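> Listed below are the residues making up each chain.
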Amino acid sequence: DAGVTQSPTHLIKTRGQQVTLRCSPKSGHDTVSWYQQALGQGPQFIFQYYEEEERQRGNFPDRFSGHQFPNYSSELNVNALLLGDSALYLCASSYQGGNTIYFGEGSWLTVV
Amino acid sequence: AQSVSQHNHHVILSEAASLELGCNYSYGGTVNLFWYVQYPGQHLQLLLKYFSGDPLVKGIKGFEAEFIKSKFSFNLRKPSVQWSDTAEYFCAVTSRSNDYKLSFGAGTTVTVRA
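Protein sequences, first through last, are from chains E and C. Mapped onto our numbering, the consecutive letters of the first sequence carry residue numbers 1 to 112. Mapped onto our numbering, the consecutive letters of the second sequence carry residue numbers 113 to 226.
One or more of the hints may lead you astray.
The list that follows gives simulated cross-link-like pairs (lysine-lysine, BS3-like), each with its CA atoms no further than 25 Å apart [unchecked claim]:
| id | chain 1 | residue 1 | chain 2 | residue 2 |
| --- | --- | --- | --- | --- |
| 1 | E | K26 | C | K213 |
| 2 | C | K213 | C | K170 |
| 3 | E | K26 | C | K161 |
| 4 | C | K173 | E | K26 |
A short list of chain E residues far from chain C (calculated; beta carbon distances all over 10 Å) [what the hints assert, rightly or not]:
| id | residue |
| --- | --- |
| 5 | G3 |
| 6 | H67 |
| 7 | A80 |
Treat the hints as calculated values from the structure; they're not laboratory data. Computed from a predicted structure; not experimentally measured. All residues carry an ideal CB built from backbone N, CA and C; glycine is no exception.
Construct the entire structure; sequences and hints are all you get.
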């Protein structure tokens with residue numbers, strides 16, 4: 001049973017560039033959430049996707065956007081990268097109405 | 113403001129010592145409570161969760177947590193730690209008042225010395 005998978009695992013981008021991170025949810029899950037975990041901090045909720053729509057959003061600027069595909073996989077896009085966007089980006093999946101969330105290993109983004 | 117607070121930033125223990133990590137939350141109403149663990153180089157894993165019922169919850173690897181509603185607390189405990197318990201521990205909460213978004217504390221780094 002595949003868990004939550006994310007790609008890429010590590011990447012380095014330059015300020016002002018754009019990045020796309022990808023996530024495949026755990027088998028049977030239809031809801032995908034994205035979190036940002038800065039060094040030394042707990043994960044912060046970015047947004048959640050269900051039925052290909054953004055359902056909830058945390059306190060993140062519009063530079064952060066996402067998409068969910070019919071197969072429930074998801075992308076996180078960040079435009080106009082800032083140094084402060086350097087963090088571990090976590091994808092989590094669940095099924096709608098379920099209470100337990102499973103996390104992927106994350107994508108480490110470094111902005112230089 | 114609604115928040116999750118973990119009191120200890122870094123805890124250092126010797127093997128066989130007892131561990132207790134504090135977690136307090138400020139969300140009103142019904143809450144769902146979680147403890148996650150992140151071992152070095154690994155993804156977040158669920159240790160245990162509380163939704164309702166017995167406030168003493170047992171999880172994996174010998175961990176347990178107690179929900180005390182009057183104190184808005186959900187402290188994590190383990191009677192005797194092992195070197196392999198070295199990890200970062202996160203308390204998390206979902207609440208109807210927060211649209212059931214999973215909100216995390218800042219985490220506690222636990223270092224167990226052999």
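> Hints first: check each against the structure and report whether it holds.
Hints versus structure:
1. E:K26 x C:K213: Since the Cα atoms of K26 (chain E) and K213 (chain C) sit roughly 19 Å apart, the hinted pair holds (cutoff 25 Å).
2. C:K213 x C:K170: holds, 23 Å
3. E:K26 x C:K161: holds, 19 Å
4. C:K173 x E:K26: This hinted pair holds, its Cα atoms lying about 23 Å apart.
5. G3: The assertion about G3 (chain E) is violated, with a minimum of 8 Å to chain C.
6. H67: Holds, because the least Cβ-Cβ distance between H67 (chain E) and chain C comes to about 19 Å, which exceeds 10 Å.
7. A80: holds, 25 Å
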